Amino acid sequence: MSIATTHPAEHHGEHHPSGILRWLTTTNHKDIGTMYLTFALIMFFVGGIMILAVRAELFSPGLQLMKPEFFNQLIGVHALVMIFAALMPAATGFANWQLPLMIGAPDMALPRLNNWGFWLLPPAAILLTLPFTLALFGIGDGAIATGWTFYAPLSVQGGIGVDFAIFAVHILGVSSIMGSINIIVTIFNLRAPGMTMMKLPLFAWGWLITAFLLIATIPVLAGAVTMLLTDRHFGTHFFDAAGGGDPILFQHLFWFFGHPEVYILLLPVWGLMPHVLSTFSRKPTYGYKAQVYSFIAIGVLSVIVWAHHFFTVGMPVPALIYFMFSTMSISLPLAVLFFCWVATMWRGAMSFETPMLFAQGFIVLFGMAGLTGLVLADVAADAQYHHSYFVVAHFHYALFAGGIMGVMTGVYYWLPKWTGHMYSETLGKWHFWLTVVSFNLTFIPQFFLGLAGMPRRIPDYALQFSEFNAISTVGAFILGLSQLLFAYNIWRCVKGGPKAEGRVWEGAEGLEWELPSPPPHHSWETQPVVK
Amino acid sequence: MEATLTPAEMARRQAAARRTAWALGAAALALYLIGFLIQR
Chain A
0 MSIATTHPAE HHGEHHPSGI LRWLTTTNHK DIGTMYLTFA LIMFFVGGIM ILAVRAELFS
60 PGLQLMKPEF FNQLIGVHAL VMIFAALMPA ATGFANWQLP LMIGAPDMAL PRLNNWGFWL
120 LPPAAILLTL PFTLALFGIG DGAIATGWTF YAPLSVQGGI GVDFAIFAVH ILGVSSIMGS
180 INIIVTIFNL RAPGMTMMKL PLFAWGWLIT AFLLIATIPV LAGAVTMLLT DRHFGTHFFD
240 AAGGGDPILF QHLFWFFGHP EVYILLLPVW GLMPHVLSTF SRKPTYGYKA QVYSFIAIGV
300 LSVIVWAHHF FTVGMPVPAL IYFMFSTMSI SLPLAVLFFC WVATMWRGAM SFETPMLFAQ
360 GFIVLFGMAG LTGLVLADVA ADAQYHHSYF VVAHFHYALF AGGIMGVMTG VYYWLPKWTG
420 HMYSETLGKW HFWLTVVSFN LTFIPQFFLG LAGMPRRIPD YALQFSEFNA ISTVGAFILG
480 LSQLLFAYNI WRCVKGGPKA EGRVWEGAEG LEWELPSPPP HHSWETQPVV K
Chain B
0 MEATLTPAEM ARRQAAARRT AWALGAAALA LYLIGFLIQR
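First to last, the sequence lines map onto chains A and B. Heads up, the first sequence stops at 530 in numbering that gives the first Met the number 0, and the numbers go up one at a time, no gaps. Heads up, the second sequence stops at 39 in numbering that gives the first Met the number 0, and the numbers go up one at a time, no gaps.
Same shape as in the complex, but just chain A (with noise of 0.2 Å):
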């Protein structure tokens, strides 16, 4: 792509209230990107600290610390707020703040919308977390303990917490639903004059699919938790077999939602992946139209697959076969974007700063999510490993290693754009190296654990499993202590800093480095001409 003119607006048109009023009543993209990221920040460490507690209780053998019902609560919480309130939030935060620098436009398209979909989310996270507080006064008996699933019955017959769980998945999902029609018709309607679809950063590509996604499942999930609820207080049996329902068809429906979700949380990241290596590669993307097309074929493929997330369910062997060649054929385009990746960085002018670290690290710890991967969607095999702490080590080096690693990749990235100033270096190499090898530290030894055995979802285990459980939660502890650098290193860079060029990065290239660090209130009010 090469740009033909550009004319960064001026500092002109301010006029904001201050203070919380600006926050609360602000339509600019990056106010709003900026509360999308502080908030899932925080959320990142109130979940985090919720599966401390869980790595505490399991440093040992025995019970020790709480009752296997907090326990539970404490599981399914962490799940819920780390998928909804953490990591699709940050990748919300990056689409605001990204988008309209990368295509050219001077906001979002619909900003009363977007101000009204990031502020559902903090009532949303209160619900989530609230019967916590209630039970200490004697309210209920706690939080969500199915797991972030809600699998019925258990959560036909549990506690308030359920109910709360419900209406905070509602109000989640109107959130996510209205940023994602925000970002498709903003990608559509306000992109640069000469920007064409196959012109569109990688960014922008895999955020307009991921919203596809929400919009095409988050609706399901809301269905099926209506019918939860209705089973719950208004006399349904959707999922109730002692009243002819079947609690089968809830794993359904939850996880026609639950595997595209996946996907959701993975695809932003894998858009700006791109980014970052070619960046500090100082080469162009390679294979740009097969990265497109790959991002496609997953988002399709993701709609078709859900069942292998229940192999064991009961299902006939026709079906059985079919969602497992389906998962597998998954592998096919990730392994194209995989190709891809590496072949950016083939033979590139590579220099290591932090973003570039953190992209090396998402690549090769992603890769065993993808490898781990196919020996779960494998039927066979899978009836062995089903429930066990192998399943947890897969969607943690998916989820973390692939999910909140990329986020992290991001941040990096654009950090400098957004507040004017550079990081640390020197800090976030430090939380590079801790953050990977406590990651591993954490969740390799999960892997032999599950392998031996050991089920997911419970507060004690047999003997055997102690060394690596104690292993696994001293790497969770440094792991979860080392995001606090990050935490750090992001508060100094907004406080203050070595000022940030406009094309912050030597091999950076796109729209948003044609402006200035930090980019003004009111971007691209005359929009760059794309050639």
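Check before you lean on any hint, since a few could be wrong.
Which chain B residues face chain A? A few, computed with CB under 10 Å, are given here [unchecked claim]: (1) L4; (2) A7; (3) M9; (4) Q13; (5) A20; (6) L28; (7) L32; (8) I33; (9) G34.
If you're looking for bench data, these hints aren't it; they were derived computationally from the structure. Predicted model, so just to flag it, every value in this text is computed and none were measured. C-beta: ideal position from N, C-alpha, C; glycine also.
Please arrange chain B on chain A, whose structure you already have, making use of the hints.
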């Protein structure tokens, strides 16, 4: 192609964005509601 985003052009694009947004919102709502009508 004109580089300057005139108020008229911006208004045209925002109107198009609103139309598409309503259509996508209606599609999401339809997915949610149609599910309840499907007989098991």
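Against the structure, the hints come out as follows:
no., hint, in the structure
1, L4, "holds, 5 Å"
2, A7, "violated, 14 Å"
3, M9, "holds, 7 Å"
4, Q13, "holds, 6 Å"
5, A20, "holds, 5 Å"
6, L28, "holds, 7 Å"
7, L32, "holds, 8 Å"
8, I33, "holds, 9 Å"
9, G34, "holds, 4 Å"
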